[in-house]
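> Please put together the full structure from these sequences, using the hints given.
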Amino acid sequence: MQDNVDSKLKAVQEEINSMEKRWQRELAEIKGKGTEVKKSIGENQGLAKMVHHGEISKVDMIATIVESSDT
Numbered sequence: 171m172q173d174n175v176d177s178k179l180k181a182v183q184e185e186i187n188s189m190e191k192r193w194q195r196e197l198a199e200i201k202g203k204g205t206e207v208k209k210s211i212g213e214n215q216g217l218a219k220m221v222h223h224g225e226i227s228k229v230d231m232i233a234t235i236v237e238s239s240d241t
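Each residue of the sequence shown is one higher than the one before, starting from 171 at the first, in the working numbering.
It is worth saying that the hints were derived from the structure and are not from the lab.
Nothing here was measured: the structure is a model prediction, and the numbers come from that model.
This list has only true hints and no planted wrong ones.
Have a look at the derived ranges for each label pair, beta carbon to beta carbon:
1) V207 x K180: 36 to 46 Å
2) K208 x N187: 29 to 39 Å
3) E185 x S239: 32 to 42 Å
4) S227 x G204: 28 to 38 Å
5) V182 x T234: 44 to 54 Å
Calculated cross-link-like contacts (lysine-lysine; reagent style DSBU-like; alpha-carbon spacing at most 35 Å):
6) K203 x K219
7) K180 x K201
8) K228 x K203
9) K180 x K191
10) K201 x K219
11) K219 x K209
12) K178 x K191
13) K208 x K219
14) K228 x K209
15) K228 x K208
16) K201 x K228
17) K203 x K191
18) K208 x K191
Backbone N, C-alpha and C define an ideal beta-carbon position, used for all residues, glycine too.
Here it is as C-alpha cells:
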C-alpha cells in the first residue's frame with residue numbers, strides 16, 4: 171500500500187514540476203513580449219518627434235510603423 175501511495179505522490183510531484191516549468195517558460199515569453207512592446211513604443215515616439223520637427227511626413231511614419239509590425 172505504501173508503494174502505491176509513494177508512486178502516486180511521485181507522479182503528482184512530477185506533474186507539479188512540469189506545470190511550474192511550463193509557467194516559467196510562459197512568463198519568460200510574456201516578459202519578452204513586454205520588452206518588444208516597449209521598444210516598439212520608443213521607436214514610434216521617435217518617429218512622431220521626426221514628424222513634429224518636419225523631418226518626415228505622417229505618411230512615411232505610418233508606412234514605417236506598418237512595415238515594422240509585419241516583421
